[in-house]
Amino acid sequence: MSATRVASPPRPAVDPPAGPRSVPTLLRHLAVALVAALAVLVLSYQLDPFRNFQLATVAAYVCATAGLTVLTGLCGQLSLGHGALMAVGAYTVALCQHALVDRGLTSGALLPVSLGVAVLVTVLVGAVVGVAAARLRGPYLAGLTLAVAVVVPASAVTFDGLLNGEQGLTVPTAPAPAALGSAFPYERWQLWLAAPAALLCLVLLANLVRSRYGRAFRAVRDDEVAARLAGIHVARTQVVAFVVSAAAAGLGGALLAVLAQSVSPGAFGLTLSLFLVMAVVIGGLGRLAGAVWGAVALVALPDLAHSVTDLLTLAPTTARRLEGNLPLAIFGSTLIVVMIAAPGGVQGALSRLGRALRKRRPTHPTHHPAPPDR
Amino acid sequence: MDRFLFLTLDGLSRGAVHAAFALALVLIWRAGRIVNFAQGAMAVAAAYVAYAVTAATGSYWAGFVAALVAGVLLGALVDVAVMRLVDHRSPLNPVIVALGLVLLIQAVLGMIHGNEYLPVQAPFSRTALTAGGLAVLSPYDLFVLATVGVVGATLVWIFTRTAVGLRMRAAAFAPEVSRLLGVDVAGMRTLGWALASGVGALAGMLVVPTELGLHPHAMDLVFVTAFTAAVVGGLDSPPGAVVGGLGVGLLLSYVSGYAGGDLIPLAVLALLLAVMLLRPGGLFAPVNARRV
Numbered sequence: 001m002s003a004t005r006v007a008s009p010p011r012p013a014v015d016p017p018a019g020p021r022s023v024p025t026l027l028r029h030l031a032v033a034l035v036a037a038l039a040v041l042v043l044s045y046q047l048d049p050f051r052n053f054q055l056a057t058v059a060a061y062v063c064a065t066a067g068l069t070v071l072t073g074l075c076g077q078l079s080l081g082h083g084a085l086m087a088v089g090a091y092t093v094a095l096c097q098h099a100l101v102d103r104g105l106t107s108g109a110l111l112p113v114s115l116g117v118a119v120l121v122t123v124l125v126g127a128v129v130g131v132a133a134a135r136l137r138g139p140y141l142a143g144l145t146l147a148v149a150v151v152v153p154a155s156a157v158t159f160d161g162l163l164n165g166e167q168g169l170t171v172p173t174a175p176a177p178a179a180l181g182s183a184f185p186y187e188r189w190q191l192w193l194a195a196p197a198a199l200l201c202l203v204l205l206a207n208l209v210r211s212r213y214g215r216a217f218r219a220v221r222d223d224e225v226a227a228r229l230a231g232i233h234v235a236r237t238q239v240v241a242f243v244v245s246a247a248a249a250g251l252g253g254a255l256l257a258v259l260a261q262s263v264s265p266g267a268f269g270l271t272l273s274l275f276l277v278m279a280v281v282i283g284g285l286g287r288l289a290g291a292v293w294g295a296v297a298l299v300a301l302p303d304l305a306h307s308v309t310d311l312l313t314l315a316p317t318t319a320r321r322l323e324g325n326l327p328l329a330i331f332g333s334t335l336i337v338v339m340i341a342a343p344g345g346v347q348g349a350l351s352r353l354g355r356a357l358r359k360r361r362p363t364h365p366t367h368h369p370a371p372p373d374r
Numbered sequence: 001m002d003r004f005l006f007l008t009l010d011g012l013s014r015g016a017v018h019a020a021f022a023l024a025l026v027l028i029w030r031a032g033r034i035v036n037f038a039q040g041a042m043a044v045a046a047a048y049v050a051y052a053v054t055a056a057t058g059s060y061w062a063g064f065v066a067a068l069v070a071g072v073l074l075g076a077l078v079d080v081a082v083m084r085l086v087d088h089r090s091p092l093n094p095v096i097v098a099l100g101l102v103l104l105i106q107a108v109l110g111m112i113h114g115n116e117y118l119p120v121q122a123p124f125s126r127t128a129l130t131a132g133g134l135a136v137l138s139p140y141d142l143f144v145l146a147t148v149g150v151v152g153a154t155l156v157w158i159f160t161r162t163a164v165g166l167r168m169r170a171a172a173f174a175p176e177v178s179r180l181l182g183v184d185v186a187g188m189r190t191l192g193w194a195l196a197s198g199v200g201a202l203a204g205m206l207v208v209p210t211e212l213g214l215h216p217h218a219m220d221l222v223f224v225t226a227f228t229a230a231v232v233g234g235l236d237s238p239p240g241a242v243v244g245g246l247g248v249g250l251l252l253s254y255v256s257g258y259a260g261g262d263l264i265p266l267a268v269l270a271l272l273l274a275v276m277l278l279r280p281g282g283l284f285a286p287v288n289a290r291r292v
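If you're matching them up, the sequences are chains A and B in order. Going by my numbering, the first residue of the first sequence is number 1, and it counts up by one from there. Going by my numbering, the first residue of the second sequence is number 1, and it counts up by one from there.
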């Protein structure tokens, strides 16, 4: 990140060295995703229902943070409006599920349809913002997307009749299939819904990042003039990046709404948008693996703050104030410290650690494979 | 017609606050090429200081002065303790750090004062005076307009008539040359932050009584509106910020008066989009001011 405009003798837009592997990228990503899916499956039986639910929430956040990583880390566009895009996906899935239920359709198999519609609607909204955003740079873009983040939740009150104001909407969802048995915890089923969607999203994004488009993103980020000279249509590339990341955010928001079984403007305010930025920066800008770390932090930190305030014996009011605000304070100060001290974030630190270990033991390079980069 | 006159005057009074806030943004932009996204949160922090001081002393004016002092000190502190350490080579870095400050400040305020809305009294009546049967400005509106006018005039005086103002402008526009000529560039930037944050705190003090009350998020929408005003003016020009602020105030007053207050956020977004698409350099920038 700090290197974006720094060490710029216009870098040629080439792939990062692919190493000795010759397996096609798509197959490799699919294999990794399959292993991850199996791991989640096994894990879902080991964890109690609450942890299952938390993991499902992580999966929902992963979609949004991964999308934002592609946009900010790879294409160099900072969006503060992704919380609002998540809200668009969430409200769409709520309206869609209601429409289905009103027609008497309640099968769980229809959920993917609603999710698909949510992604489509978010793509449309993302395209509108993205076209405007493509003409803007740095703080201007941040300001515009900040306006989106503040205004979109507020407009839920404006369109009171459709969106039910501050109250929000419920998201009717089908129960887990009866074939799984009556003792099957619903939270595990939620994880089974959310994790495949997140993995699919990650595979698609990882592939995009390694494709021609991904190279164009990086070229635009590093030097717009050089990218233009190389024949890249800068504005179009930026719009594509924005639309792709909007789609991912929409999916994430829709999943979040399905998990919570409700959606309200309060859940998608400016703070969520800032949290997402925070998550991708702390995770490590420009690395999809970093987006996963960021999503984990988003879910784990409030939980951690809760445990901390439980440990301290405090008056109930103080405890409530601390519990709500401690994660915010931690996130805020972490963000400042990370930006000043270690712009690579968690994933950057891990990569450095991995490289250092490999250097120390050059004879066993396979013992410390690099974390999946980009 | 009466209604139009009332809405116009009301819009000018609202716009004055946004102009002051936009002015704060422009000051920092000129001092260090940073849009201070933490401006709103910093102003809220100053307003909380005022709230505490007023509660302790029983005097609105003691709180008012305390807010200004707190704003100036907070601005200087943010520059010295945080912004100076940030790598400014990518324009995104200071923006992200400012966002971290927003979360941190709002969280600390919430921890100290709670996340409820605290009622804040205005120092003057907010009922409109009538002149010849027409409802015109309230005493509070007059106070707002006068304060913003005094601040604007003072800033103009500082920047055009004093040696410090000259050094600040030099440090902003030609840092290297200024340094060679013996100007403390970093110090001037800190001074710019302090001034801007003081003006922001003032704007916060003026706007909080007209909103629901004091709340860690009280300035979120005000920040967006003021940013819009600053962009309308071009981010680089203090007169542009004032005109932009007044224009945005008028627009919002007409929208809420004729169409409904709920539409204000959407109107702000529409205006921001329109300005950025049609004249991204703002109304006061020469056409070729920004390229590529």
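Hints are computed from structural coordinates only; laboratory data are not their basis. Do not rely on the hints blindly, as some may be mistaken.
As the list claims (entries may be wrong) - Output of the computed footprint for chain A on chain B, the stretches with three or more beta carbons under 8 Å from beta carbons of chain A:
1. 84-95
2. 263-271
Stated by the list, open to error - Partial list, computed: chain A residues near chain B (C-beta under 8 Å):
3. Leu78
4. Leu169
5. Thr170
6. Ser333
Unchecked claim - Quick list of the computed label-pair ranges, beta carbon to beta carbon:
7. B/Asp87 to A/Arg212: 44 to 54 Å
8. A/Gly165 to B/Gly213: 19 to 29 Å
9. A/Phe184 to B/Gly213: 46 to 56 Å
10. A/Pro302 to B/Arg84: 53 to 63 Å
11. A/Pro175 to B/Gly213: 35 to 45 Å
12. A/Ala300 to B/Leu181: 24 to 34 Å
13. B/Pro175 to A/Pro49: 39 to 49 Å
14. A/Ala127 to B/Ala163: 27 to 37 Å
15. A/Ala356 to B/Thr57: 53 to 63 Å
16. A/Arg236 to B/Arg33: 42 to 52 Å
17. A/Ala99 to B/Ala186: 53 to 63 Å
18. B/Leu263 to A/Ala300: 33 to 43 Å
Backbone N, C-alpha and C fix where the C-beta goes; we use that ideal spot for every residue, glycine too.
The hints, checked one at a time:
Three residues within the 8 Å Cβ limit are the bar, and the region 84-95 of chain B against chain A gives 9, so the coverage statement holds. Only residues whose beta carbon comes within less than 8 Å of a beta carbon in chain A count, and the region 263-271 of chain B has 5; three or more means the coverage holds. Interface hint status for A/Leu78: upheld, as the beta-carbon distance to the closest one in chain B is roughly 5 Å, under 8 Å. A least Cβ separation of about 18 Å between A/Leu169 and chain B goes past the 8 Å threshold, and the interface hint is therefore violated.
Taken as an interface hint, A/Thr170 does not check out: its beta carbon lies about 23 Å from the nearest beta carbon of chain B, beyond 8 Å. Interface restraint check for A/Ser333: the shortest CB-CB distance to chain B comes to about 5 Å, inside 8 Å, so the restraint holds. About 31 Å separates the C-beta atoms of B/Asp87 and A/Arg212, a value inconsistent with the hinted range of 44 to 54 Å. A hinted range of 19 to 29 Å for the beta carbons of A/Gly165 and B/Gly213 is consistent with their spacing of about 20 Å.
With their beta carbons about 48 Å apart, A/Phe184 and B/Gly213 fall inside the hinted range of 46 to 56 Å. Taking the beta carbon of each, A/Pro302 and B/Arg84 are about 32 Å apart, not inside 53 to 63 Å as hinted. Against the hinted window of 35 to 45 Å, the Cβ-Cβ separation of A/Pro175 and B/Gly213 comes to about 44 Å, which satisfies the hint. Taking the beta carbon of each, A/Ala300 and B/Leu181 are about 52 Å apart, not inside 24 to 34 Å as hinted.
For B/Pro175 and A/Pro49, the hinted distance range of 39 to 49 Å is not satisfied, since their beta carbons lie about 59 Å from each other. Between A/Ala127 and B/Ala163 the beta carbons are some 52 Å apart, a value that contradicts the proposed interval 27 to 37 Å. Between A/Ala356 and B/Thr57, the C-beta spacing of about 58 Å keeps the proposed range 53 to 63 Å intact. Separated by about 28 Å at the C-beta atoms, A/Arg236 and B/Arg33 break the suggested range of 42 to 52 Å.
At about 59 Å, the CB distance of A/Ala99 to B/Ala186 agrees with the hint of 53 to 63 Å. A hinted range of 33 to 43 Å holds for the C-beta pair B/Leu263 and A/Ala300, which are about 39 Å apart.
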